[in-house]
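Protein chains in written order, with the numbering used here: chain A, 1 to 130; chain E, 1 to 363.
Incorrect hints may appear among the rest.
[To be verified] Facing chain A, a subset of chain E residues (Cβ under 8 Å, in silico):
hint : residue
1    : 67
2    : 151
3    : 313
[To be verified] No more than 20 Å apart at the CA atoms, straight line, and that leaves these computed lysine-lysine pairs for PhoX-like:
hint : chain 1 : residue 1 : chain 2 : residue 2
4    : A       : 48        : E       : 343
5    : A       : 122       : A       : 45
6    : E       : 204       : E       : 175
7    : A       : 45        : E       : 343
8    : A       : 8         : A       : 78
9    : A       : 48        : A       : 122
Honestly, the hints are just simulated from the structure, not real lab data. Where a beta carbon is used, it is the ideal one built from N, C-alpha and C, also for glycine.
The chain contents come next:
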Amino acid sequence: MPVTYYSKEHEWVKVEGNIASVGITDFAAHQLGDVTFVELPSTGKTVKQFEILCAIESVKAASDIYAPVSGKVVSINKALETTPEIVNESAEKAAWMVCLEMSDSSEVAKLMTREQYEEFLKLDVQVFIC
Amino acid sequence: MEQLKETPLIQAHTGVGALMAPFGGWNMPIQYEGILAEHRFCRESAALFDICHMGEFLYQGGIASGGLEDIFTFSVTSIPVGRSKYGFLLNELGGIIDDLIVFRTAADEAMIVVNAATADNDFNVISSRLQEPSFITNISPATGKLDIQGPLSRDILADLFGAEIGTIPYFKFIKMNILGSEAIVSRTGYTGELGFEIFLPSEKVGELWNLISGDSRIKPAGLGARDLLRLEVGYSLYGNDLDDSISPLEAGLEVFVNFDKKFVGKDALIKQRAGHLTRSKIAFRVASRRSPRHFYEVWGGDSRIGTVTSGAFSPMLGCGIGLALVSPGFSDIGSEITICHEKVVMDATVCELPFFSGGSLRK
């Protein structure tokens with residue numbers, strides 16, 4: 001069974017074996033407003049946990065997306081390059097951005113569960129508002 | 001911080017969950033359902049904007065004898081009654097204090113429509129330059145303004161208020177009775193679409209908003225969509241593309257300056273025109289969907305050549321677009337430039353205005 005974790009920067013990461021798919025949460029997508037551009041990394045790129053993974057732009061703002069876990073980029077969602085509006089339509093499903101081959105599965109301990117993330121949202125509604 | 005002002009429609013906006021934000025000292029709706037959806041609805045059908053934040057001054061008295069004729073970069077006496085004209089209020093150095101529209105409402109009367117953030121200062125400057133300062137009144141608090149813009153705007157207003165609205169040509173206006181009050185209905189706007197601006201007493205704005213909103217061919221749109229719409233047709237935004245350090249010549253808006261008349265700032269502009277401008281406005285397209293934004297750097301080769309004044313993703317063009325002020329020598333159409341901000345680098349090409357010319361403006 002895949003398990004999904006959440007970061008304080010409003011990324012989600014769905015972990016299945018040693019593969020982690022990454023996107024931004026519905027909350028983040030809603031705060032950004034209409035997404036107009038997603039900059040994806042190259043496959044093969046390695047990233048460390050909480051470092052910049054890629055970038056996203058909306059009509060209102062430009063933001064970085066951080067890697068919720070360390071690993072190597074093994075696939076990217078090319079559909080987002082031509083139809084970034086998928087992020088607004090389905091941020092937590094169709095708009096996965098990157099799949100990472102995880103280098104340290106213990107890092108998920110630094111992330112939140114769904115319940116913890118929902119509690120976090122109640123405290124942290126000011127972020128992302130531009 | 002000074003308390004934000006609110007238009008008479010604040011409840012209508014918050015009641016439908018509009019995202020509100022400060023603009024020019026006012027708490028204004030930025031978006032309702034979404035900026036791109038509102039932009040599209042305006043280009044394809046019609047959009048309703050709350051523009052009550054803008055300022056209006058009423059001038060009553062002789063245009064020439066009271067001094068109004070010498071205030072702006074265009075002649076007020078040569079505007080026929082029932083027409084309006086766009087131009088500038090300048091400082092002595094030729095910098096733009098505001099861009100505005102004057103409506104010639106009668107032989108001895110004019111309404112001056114100015115930006116929200118600059119309204120109080122504009123009023124002081126204009127009053128101080130008049131021979132007869134008592135001729136001008138700030139009627140902003142008592143005046144509401146709604147913009148109805150889009151290819152179906154004429155049909156919608158004609159159905160509500162009669163066919164006479166359909167006969168108003170571009171940059172003309174009529175006075176008519178709306179909801180029991182005298183209103184000015186003007187064929188002007190800020191979107192590049194066929195559209196109207198209605199001025200009426202502020203206590204009637206709520207009723208008019210509800211009446212127009214009842215037509216399914218029109219939806220409310222916020223200042224986010226309005227900014228995209230105006231940039232796609234290359235209109236300048238005061239505070240971004242224009243300010244009191246930028247002259248109309250630098251801003252590429254010389255066509256709105258009449259050098260055959262007297263106005264404050266004329267000597268400075270004549271000097272600028274005789275010498276070389278140190279910077280000029282360009283329009284550019286980005287090679288990707290990335291958005292340039294206000295204050296991003298503009299580079300030509302290895303040199304920093306200027307600064308972006310407005311930028312956005314254009315839904316009509318499918319790429320980033322922007323306006324910038326740059327050093328001379330980089331404004332030829334087709335010149336390759338680079339837009340930079342921190343680690344973001346965008347390739348762009350200098351292009352002509354407007355970016356988008358398919359609107360219904362003059363239909």
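Results for each hint:
no., hint, verdict
1, 67, "43 Å, violated"
2, 151, "22 Å, violated"
3, 313, "4 Å, holds"
4, 48(A) <-> 343(E), "18 Å, holds"
5, 122(A) <-> 45(A), "34 Å, violated"
6, 204(E) <-> 175(E), "16 Å, holds"
7, 45(A) <-> 343(E), "17 Å, holds"
8, 8(A) <-> 78(A), "26 Å, violated"
9, 48(A) <-> 122(A), "28 Å, violated"
When each numbered hint is compared with the structure, violations occur for hints 1, 2, 5, 8 and 9.
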